[in-house]
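All chains, please: the whole structure from these sequences, using the hints.
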Amino acid sequence: MEYELCHYGVKGMKWGVRRYQRKDGSLTPAGRKRYGSDDIVIEKGQTIHRIVPKSWVDKEKGYSGHAYASYKDEDVAQYKKFARLFGDGDNYVDMTFKVTDALVSPSRKKRVDEFVKLMDSNPEARDAMLKATRTPLTFMPKSRLDKLDDPKQAEKAYQKFSFLLVSRRDLRDPYFKQLEKEGYSMIMDDADIKGGISKSPIIVFDRTKSLSLDTAETIGRHD
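With the first letter of the sequence shown counted as 1, position 89 gets the number 89 in this note's numbering; the numbers rise by one all the way through.
A couple of the hints might just be wrong.
Stated by the list, open to error - The calculated lysine-lysine pairs, modelled on DSBU-like cross-linking and capped at a C-alpha distance of 30 Å, are: (1) LYS44 / LYS80; (2) LYS142 / LYS194; (3) LYS44 / LYS181; (4) LYS160 / LYS142; (5) LYS199 / LYS152.
None of these hints come from the bench; they were simulated from the model.
Listed below in structure tokens is the structure:
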């Protein structure tokens, strides 16, 4: 034959859908790992830790949704130190989880960019941010949200936003949902990083999708 049409691919591939990509065009966590060189990745099978009061353990086992955790040895040691200092290690437990699907966090720049995108595209989230920053403890000038095209103003506003994520579900939920659509499954906890509590703390978006409980052991009073 003078002309031939050849097709090469892998089993299960579909026309118009790239590998590591969802139907809506966003990347899966594996896709973020493959294509996002600036992203932070915790591999499948790795262990992460969550230091909690002993009285929380039974409830923790039934929780879904986000989870604050640590994955670097130095951070785990620091959280254990705080537990011993403020509450006697015998009253705290180190819950360890296995990562069941690669956890991917956007870079710092991407985290700020997505915050700006949220403020520009989601009026409810913008209003929630304004309301949340009207108290002395969390105060931020209202005008700052009108200056997010200035990188310095965006950075300052995002840092305030990162502190609010722990207590404001009306900010946390839309932000995490937006990042999930981009293929992310966690973010770095910038509030703890800024506060000097640890160097690489994380917030996992959905523990039921990404984590499997491994052990729960009392920390004790000494290493």
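To see whether the hints hold, each was checked on the structure:
no. : hint            : in the structure
1   : LYS44 / LYS80   : holds (24 Å)
2   : LYS142 / LYS194 : holds (22 Å)
3   : LYS44 / LYS181  : holds (20 Å)
4   : LYS160 / LYS142 : holds (12 Å)
5   : LYS199 / LYS152 : holds (22 Å)
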